[in-house]
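Protein chains: 2
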Amino acid sequence: MKKHNFSAGPSILPDTVMQQAAEAILNFNNSNLSIIEISHRSSDFMQVITKAKELVLELAELNSDEYEVLFQHGGASTQFIMTAYNLLPIDGKAGFIDTGTWSSKAIKETKIFGNVETIASSKDQGYKYIPKDFSVPNDLAYLHVTSNNTIYGTQYKDFPVTDLPLVADMSSDIFSKKLDFSKFDVIYAGAQKNIGASGTTLVIIKKSLLGKTGRTIPSMMNYEVQIDKGSMFNTPSVFSIYVSMLYLQWLKDKGGLEAIEKLNEAKAKILYDEIDRNPNFVGYANKEDRSLMNVTFNLTDESKKERFDQLAAEAGVHAIKGHRSVGGYRASIYNAMPIESVQVLVDVMKAL
Amino acid sequence: MKKHNFSAGPSILPDTVMQQAAEAILNFNNSNLSIIEISHRSSDFMQVITKAKELVLELAELNSDEYEVLFQHGGASTQFIMTAYNLLPIDGKAGFIDTGTWSSKAIKETKIFGNVETIASSKDQGYKYIPKDFSVPNDLAYLHVTSNNTIYGTQYKDFPVTDLPLVADMSSDIFSKKLDFSKFDVIYAGAQKNIGASGTTLVIIKKSLLGKTGRTIPSMMNYEVQIDKGSMFNTPSVFSIYVSMLYLQWLKDKGGLEAIEKLNEAKAKILYDEIDRNPNFVGYANKEDRSLMNVTFNLTDESKKERFDQLAAEAGVHAIKGHRSVGGYRASIYNAMPIESVQVLVDVMKAL
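If you're matching them up, the sequences are chains A and B in order. Quick note on our numbering: the first sequence kicks off at 5 and runs consecutively. Quick note on our numbering: the second sequence kicks off at 5 and runs consecutively.
Note that these hints are calculated values from the structure, not bench results. Be careful, since some hints might not be right.
Just so you know, same-sequence chains aren't split out, so a pair can sit in one copy or run between any two.
[As the list claims (entries may be wrong)] Straight-line distance between alpha carbons at most 30 Å, and here's what the computed DSS-like set of lysine-lysine pairs gives: (1) Lys7 to Lys127; (2) Lys55 to Lys6; (3) Lys112 to Lys211; (4) Lys187 to Lys309; (5) Lys258 to Lys112; (6) Lys112 to Lys97; (7) Lys136 to Lys291; (8) Lys258 to Lys187; (9) Lys233 to Lys132; (10) Lys161 to Lys256; (11) Lys258 to Lys181; (12) Lys182 to Lys127; (13) Lys325 to Lys55; (14) Lys136 to Lys109; (15) Lys97 to Lys354; (16) Lys210 to Lys273; (17) Lys233 to Lys325; (18) Lys233 to Lys127; (19) Lys216 to Lys109; (20) Lys354 to Lys266; (21) Lys291 to Lys97.
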């Protein structure tokens, strides 16, 4: 049976990316070698990582003179450490907007390295909203935001306006819509939601920001070293970077961020419309802050859970269970999710 | 044309592993979902990582009461940081045997965290040998060795005998032969040479060693956190761990470490015998310290280089160029390399 994969991450990838990835495992570029057995310093792989970096800058409309692209190990959680090491001076202070679990984790890890100020938080209402009324002190080394909150289903529509360096964890909505990426100084994102498979983490850095913390930084955690070595201080995650290159190419071929934004808006609309229309369901996040990526909702009558789960399973709807920390349901409708699959879920909701 | 892949890493994997990996990209466990699109917390993937850990303990003949198995992000280079954070007390001292580039890098990174003493080094002779005549001070927090040196082609036959905790970077010879693994307290190894694809790093830790450094350790760098979360503090490198599970299963099915050791010895023997017999070649490493994994050699007459390279290419021999830091040739003959491919290389050497 055809599955409709709403998994929050790792998550659905485009069919053509899967096909190309499977072929490359057996025979990459007609070399009679697998993508997973070739040297990361071979010209074949150098072309892959170079292409992936070019696609990132092209999709983000950023200039390679100003910005550097890295594909790092360790996920966004390792970026909590790297941003602190590379951007937070020993006596400096970092500012955070706390919009949920991932912001909170970023705050906790950054505190190990220095002073942290939480400028605003939506914890008071179970992270159902994005804080808006706050002022940003100007004595901060940088301001950190989490652009989309996978667990609660909230997403920034407008980012804080500030002269401070702006650092964004975009793990769950990177390249899902048009954005003025030049407003950001560091962007990082685990690949496994919108641009690939798990195992690699995209980092986009404004180069002029680096080398100013006065810290001695271990090589693997040092953006300057990683830039100097082209993300190859050590063996990179070859297969995951290859999959990201394919995914980014798919995004470009699809019409880029403008086209994917329209599709993502259409997908979210039919799902939120059904949640708002259907008395069996209620949305979790405040309407104005609803995420285009993670649609969170609850049953109004918990006794219908067994029936709903059964209908969903029968329709091939996969992985809509909410995060263990909030319960309910969550449909993740990342870039690769076809609108037809969202319609299948909507039909199941209608049938309840 | 069939390729014989002597790449130093990423490197050759068993054919059956490639086949299974390619199938799992398209349809994993008959789920109609890809291995790269399922949640790392799904029961399907939990079975994969649990099986991989069990296979590690089984092959190493280690007890799960005493030892913990992790599959980490970041390669061996990140283990340089993690071993320091987790094993080196703030006022303590770590001891290293310097047998080449990777030992030197480990030393350099550990110095960022504390005191380091280099007990012995073979740098004086271009790392052609493994130091043997040294005494280990007993005021060290631990002693670190690099079991096999990919670049120079040397390998420990006997490890230093010490009562100190023994930490080993086994990236280039893990599970290539029988070993009393219980003599080690921490073993780490990037997967991409002997047990998988790049993107994941095996760590085996004696649990009783942890929690004693007095350091505040960022979560991603903290062995205790990683153990507590079962290598899933964040999204692990799903595909790479799956490939390692397949590879470890292949090793077991092949007869385990005793069987692979015999095969690896036979492969190395025919190659070293040819190097010693053929006046066109000379080995790089001292005979008594020669690696079973990386066979390093040079031409005695550099004018024959073009002809040798051409003969090798015509026979499908891939990636025998020596590391850029030492030149010459290096044939990496890891676990998955069939003896037939080594014979092809030997035939090319004979034909020169």
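Each hint, compared with the structure:
no.: 1; hint: Lys7 to Lys127; verdict: neither (35 Å within a copy, 57 Å between copies)
no.: 2; hint: Lys55 to Lys6; verdict: between (32 Å within a copy, 28 Å between copies)
no.: 3; hint: Lys112 to Lys211; verdict: both (26 Å within a copy, 25 Å between copies)
no.: 4; hint: Lys187 to Lys309; verdict: neither (44 Å within a copy, 53 Å between copies)
no.: 5; hint: Lys258 to Lys112; verdict: neither (39 Å within a copy, 46 Å between copies)
no.: 6; hint: Lys112 to Lys97; verdict: both (13 Å within a copy, 29 Å between copies)
no.: 7; hint: Lys136 to Lys291; verdict: within (14 Å within a copy, 70 Å between copies)
no.: 8; hint: Lys258 to Lys187; verdict: within (25 Å within a copy, 55 Å between copies)
no.: 9; hint: Lys233 to Lys132; verdict: between (41 Å within a copy, 27 Å between copies)
no.: 10; hint: Lys161 to Lys256; verdict: within (23 Å within a copy, 53 Å between copies)
no.: 11; hint: Lys258 to Lys181; verdict: within (13 Å within a copy, 50 Å between copies)
no.: 12; hint: Lys182 to Lys127; verdict: within (28 Å within a copy, 54 Å between copies)
no.: 13; hint: Lys325 to Lys55; verdict: between (36 Å within a copy, 25 Å between copies)
no.: 14; hint: Lys136 to Lys109; verdict: within (21 Å within a copy, 47 Å between copies)
no.: 15; hint: Lys97 to Lys354; verdict: neither (50 Å within a copy, 66 Å between copies)
no.: 16; hint: Lys210 to Lys273; verdict: neither (35 Å within a copy, 52 Å between copies)
no.: 17; hint: Lys233 to Lys325; verdict: between (41 Å within a copy, 21 Å between copies)
no.: 18; hint: Lys233 to Lys127; verdict: between (40 Å within a copy, 24 Å between copies)
no.: 19; hint: Lys216 to Lys109; verdict: both (24 Å within a copy, 24 Å between copies)
no.: 20; hint: Lys354 to Lys266; verdict: within (24 Å within a copy, 64 Å between copies)
no.: 21; hint: Lys291 to Lys97; verdict: neither (33 Å within a copy, 56 Å between copies)
In terms of the numbered hints stated before, the structure departs from hints 1, 4, 5, 15, 16 and 21, listed from lowest to highest.
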